[in-house]
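Chemist: Model the placement of chain B on the given structure of chain A, informed by the hints.
Number of protein chains: 2
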Amino acid sequence: MSGNAPDASSLGQAERDFSQVDKHRLVTALARVLPPTCLLHDLEDLRPYECDGMAALRQLPLVVALPETEAQVVDILKICAEQAVPVVARGAGTGLSGGAQPHRFGLVLSLARFKKILQIDAHARRAVVQPGVRNLAISEAAAPHGLYYAPDPSSQIACTIGGNVAENSGGVHCLKYGLTLHNLLKVRGVTMAGEVVEFGSLALDAPGYDLLPLVTGSEGMLAVVTEVTVRLTPKPQLAQCVLAAFDDVVKAGDAVAAIIAAGIIPAGLEMMDQPATAAVEEFVHAGYPLDAQAILLCEADGTPEEVAEEIARVRALLEASGATEVRVSRDEAERMRFWAGRKAAFPAAGRISPDYYCMDGTIPRKRLGEMLQAIQAMERKYAMRCINVFHAGDGNLHPLILFDANKPGDQHTAEAFGAEILELSVALGGTITGEHGVGIEKINQMCGQFATPEILAFHRVKAAFDPAGLLNPGKAIPTLNRCAEYGRERMGSTRQPAHPELPRF
Amino acid sequence: MSGNAPDASSLGQAERDFSQVDKHRLVTALARVLPPTCLLHDLEDLRPYECDGMAALRQLPLVVALPETEAQVVDILKICAEQAVPVVARGAGTGLSGGAQPHRFGLVLSLARFKKILQIDAHARRAVVQPGVRNLAISEAAAPHGLYYAPDPSSQIACTIGGNVAENSGGVHCLKYGLTLHNLLKVRGVTMAGEVVEFGSLALDAPGYDLLPLVTGSEGMLAVVTEVTVRLTPKPQLAQCVLAAFDDVVKAGDAVAAIIAAGIIPAGLEMMDQPATAAVEEFVHAGYPLDAQAILLCEADGTPEEVAEEIARVRALLEASGATEVRVSRDEAERMRFWAGRKAAFPAAGRISPDYYCMDGTIPRKRLGEMLQAIQAMERKYAMRCINVFHAGDGNLHPLILFDANKPGDQHTAEAFGAEILELSVALGGTITGEHGVGIEKINQMCGQFATPEILAFHRVKAAFDPAGLLNPGKAIPTLNRCAEYGRERMGSTRQPAHPELPRF
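Note that the protein sequences, when read in sequence, are chains A and B. Under my numbering, the first residue of the first sequence carries the number 870, and numbering increases by one thereafter. Under my numbering, the first residue of the second sequence carries the number 870, and numbering increases by one thereafter.
Here chain A stands alone, though its shape is the one from the complex (with noise of 0.2 Å):
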C-alpha cells in the first residue's frame, strides 16, 4: 500500500498540482530501465502525442514511455510512485472524450508495443493478447476459425483492445452482443504501485470482489492493462438487413421502442435523420430514400430460419409503425451498402462542413423522437445545424454538430449546443455517455449525473487501486470542488428516488 494516500477529508475535494515535477529526473531515472528507443522526451518525439481523437484540446506530456515488456511498465510506475509523476496510458489514441489527453507535468505509458496475439484457442473460444492489439485483428486472426471478437467500434480498424477496455467501448452490434466487458473474460493490469494484478477469471463467477467490471471503462484511472483475455463468437451464418424509411422522426423512434418491446434484439439497429442520409448519400451512394426523414437499419443474424422469422417480424412492426417503404438486403453486396452509408457518416460530416462535434448521450428509447424534435429547435436556438445518427436500439445518441473552428465563437457556440444536448439526455432519463467515456470533455456534467455520494464513492474507489491519485488525473470523475464550480444549480442533480412513495435521503 502506497503511503501518500489523502487524508479522508481531503479526498476528492480538489485537483493535486503536479508543477513540482523534475523532468530531468523523471528522463534519468527512466533511462536506467528503458533502452533508449522506448523513451521520447525532445519536442518533435513529443508532437505526436499531443491530443488524441478529440483534437480540440492539445497538451503536450513532458514524456513518452513505450515500454516493450511488462516489468518495464512496472518499472516505469514505480519511478512515477516515487516521483509523484502523472501517468497517462494511451492506446491508438482514437478516443474522443479526451481520456488519453496528456498531463503537462506528467508522462504518456503508450502500450503501442505490445502488440502480439498471444494466444487463440477455438476449442475454448477465447483469445490471449496484448493491450496495443488492434480491435479488428483479433477477429482477423480468429476468422480461420469461424470465429470473431463482437463489438466492433467504428474506429476498429485502428483502436486497440486496451483502450477497447478503458473505455468499455461499444459499436453497432452491441445492442446484441454486448458492450467490451460482456466480451471480456480476465485483463492483467499494474497498479500505480508497480504490482501486477489480475481482474476476471476464465470460469463463468469467480469468488471475491469482481474487479473486471470497476476496471474495465474506467478510463485509465485504476490500473495499466497489460494482458486481455476476450471471448471470441462463432460467426453468424447468415446476415440480413432491413432498411425501412419514415415520413416523420417520432414514427422511426416509436418503430425502434416497438421493436425492442416486442422482444426482439436485433444485431443492430440504427437510425439516422434526413440531414444525415443527405450527407452520407452523395458521399457513398448508399441507396437510402432522400425523401424520408428518417431511417432505420435493423439487422437480424444467425440460421437461416431465424434470420427469415426475425425479418418477418420486423417488417410487420415497420409496417405497422408507418413505415412508408421497407427493403430487405437482396444479397451481402446490398446488405454492406446499407451499412456503408451508416459507418461513412462521420467521414460524411467532416466532408460537408469543416468541423464536426460528436456527441454521445443516452436516452430511453422511447424518447427518441422528442428528443429529435428538441435538438431541431436547438439548431434554431444556436443557429447551427446538428445531422443525426443513432444506435437506436440502445438509445444511444450521435448528434453530429457542424461548424467551423475558424469562425470566431463558433467552437464555443457548438459546446454549449452540445452541453444542452448531453443535459437533456439526463432529463430524459439517460446518461451522458453512451460508449465515448468522459474523459475531459464531459467531467462538467458528470457533476449533473450523480450525487455526492456517488461521486464520493468513485473517489474512495480511486483512492484504493492509487491512493496518490496519479493515474490519469483530472479525467473522467469531477472533484467536488469542481462541481461546485460548475454549479450544480445549473442542472440540479437528477437522481430522484426512483419511487416517490418512499422516503427520500
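Mixed in with the good hints, there may be bad ones.
Given that identical chains are not distinguished, each listed pair holds provided it fits within a single copy or across any two copies.
Each computed DSSO-like pair below joins lysine-lysine, with the alpha-carbon atoms no more than 27 Å apart [claimed, not checked]: (1) Lys892 - Lys947; (2) Lys1235 - Lys1055; (3) Lys1055 - Lys1104; (4) Lys892 - Lys1235; (5) Lys1235 - Lys1104; (6) Lys1045 - Lys1104; (7) Lys1104 - Lys984; (8) Lys1120 - Lys1212; (9) Lys984 - Lys1276; (10) Lys947 - Lys984; (11) Lys1104 - Lys985; (12) Lys1276 - Lys1120.
If you're looking for bench data, these hints aren't it; they were derived computationally from the structure.
Modeler: Structure of chain B alone, referenced to chain A:
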C-alpha cells in the same frame, strides 16, 4: 468519509476485535429509531437467526433489526457505525456458505419486511422490487406480461432478490441467461456511513466506475441493498429437453465440451452421475436410465424452429460422443419430469444420508471427466460416498458428500474431502465457488485462489466503502494473517503467468 480507516500498513492484516460492543447501549439507541416490533434482542427471538443454509455453524447475534423503511436502514447503520458494531445483512437465509451467519458481537439486519414489488414495466421489460421479494415472486408478477426473471437458483421459492444480489446467484438456466449480475440494471443501497448510493443505471452503459458488478456478489460487505431493478426476459415459445445416457463419465464430460465447442448455448446443460440418478430415481421416478454411469440433460428453448434445429444438432453431437441412449421430451409433462429428477437431487441426498455437504467448485468443462474420476478416488481415500450433480455447461460442480454428523469424526472427514475437491478445482484451472459464495465456508481456499496483490486489492476496495470494516466482517475476503496461518504451502499460489514467455513478477 468515516474517520475510522485503518492505517495503510495494517490494511487486511488481521480481523478487528469487537468484544467491546455494549449490547445495552446498542439496544437503547436502536429503540429510539425503531418501533419495538422491529427490534429483537431476547434469546428466544434471536434463535431463528443463528445460521443460514450452512447450518453446521451456529452463532447468535446480539440483536436483530427488522427495518421497514430505507430511512430506518440508514438510522440503524449510522448507530452501528457510531458504536462500532458489526452488521450482517440477511435476506431469506438460504445461502449455503455462511455469508449471513451472525457476528457474535453484532447486529443482524434482516430485509424480510422489504417485500414490495414496486413496479413492473412490461414495455421496458424491467421490474423494480424491494430486496426481501422472493426470486420466484418476481416471475409470478411478470407472468401476465409474458415475461419472467431468468436466474433460477434451486432455492428460488424461498430465496430473496437481495440475497441473490449479495451472492450473484446462478441457477440451471444461467448458462444461457446469465447470473444475477447479467439480469440487473440498478441496485440502490446504503453504505455503512448511512449514505444512500445508486449503483448501475437503466442505460446499457453509464459513466463513472461500474460499481454495480462490484456490489453484486460482494456478500453484504460493501453496502446494504434497499432496492433492486431487474431485467425481465420474454418467456420462450417452446422448451424441450434431451436426456442422454453414457456408459462412462469421461464420455459424458466430453459431450458437454463438444456441445459448447459447437457454438450451442443450451438453456440448461446438466450432468448427474450414477449414484445421483439412483438416489433420485427411487424418490421422484423421473424415468432416468439406471444402468448409465452418467446422464446429461440438455434443454433448448426459443421458437419451435430454433428448438427443432438445436435439438437435432445436440442429438448428433451426443451420439458422436458415444451416448448409449438419447431421448427427447415429447411434451411439457415429460420435460418437467426430466427436470424434477435434477431438481430433487439435494432432497434425494438428504433422504439417503443423515447429512450431506454440498460443494460448489467450478472447473474448465473439458476437465469434468477427470474431476469425476478423482472424486471416485477420494471416496475410497476418505471411505465416504459422494454423489455428483453438475451445472455441466458452465463447469460448475455440486458434489454432495454424504456423512452422518452424529458419527464422531464424520463431519471433519467430510470437510477434508470437500477441501480436497476445492483444491483440485483450483489446480485444474477453476475456482472454489460457482454460485454459492465464499462466506465463511471457503475463506481459507481464497488464499490459494488469489495472490497477495489481489487479496490486498480486495481489502482496499472494502476499505473504500467501509473503512472501519463493520459490514459482515470475517467473511469472503481472508486477512493476510489468516492466509499465512492457513499456509500458502498447502496449495501454493495458483496464479501463473498467463504465458510462460512473459516475465513473471
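Chemist: Hint by hint, say whether it matches the structure.
Modeler: Evaluated hints:
no.: 1; hint: Lys892 - Lys947; verdict: within (16 Å within a copy, 47 Å between copies)
no.: 2; hint: Lys1235 - Lys1055; verdict: between (35 Å within a copy, 19 Å between copies)
no.: 3; hint: Lys1055 - Lys1104; verdict: within (22 Å within a copy, 32 Å between copies)
no.: 4; hint: Lys892 - Lys1235; verdict: neither (53 Å within a copy, 53 Å between copies)
no.: 5; hint: Lys1235 - Lys1104; verdict: between (31 Å within a copy, 23 Å between copies)
no.: 6; hint: Lys1045 - Lys1104; verdict: both (13 Å within a copy, 18 Å between copies)
no.: 7; hint: Lys1104 - Lys984; verdict: within (24 Å within a copy, 44 Å between copies)
no.: 8; hint: Lys1120 - Lys1212; verdict: within (23 Å within a copy, 47 Å between copies)
no.: 9; hint: Lys984 - Lys1276; verdict: neither (41 Å within a copy, 60 Å between copies)
no.: 10; hint: Lys947 - Lys984; verdict: within (23 Å within a copy, 50 Å between copies)
no.: 11; hint: Lys1104 - Lys985; verdict: within (23 Å within a copy, 43 Å between copies)
no.: 12; hint: Lys1276 - Lys1120; verdict: neither (36 Å within a copy, 72 Å between copies)
Checked against the numbered hints given earlier, this structure breaks hints 4, 9, 12; the rest are met.
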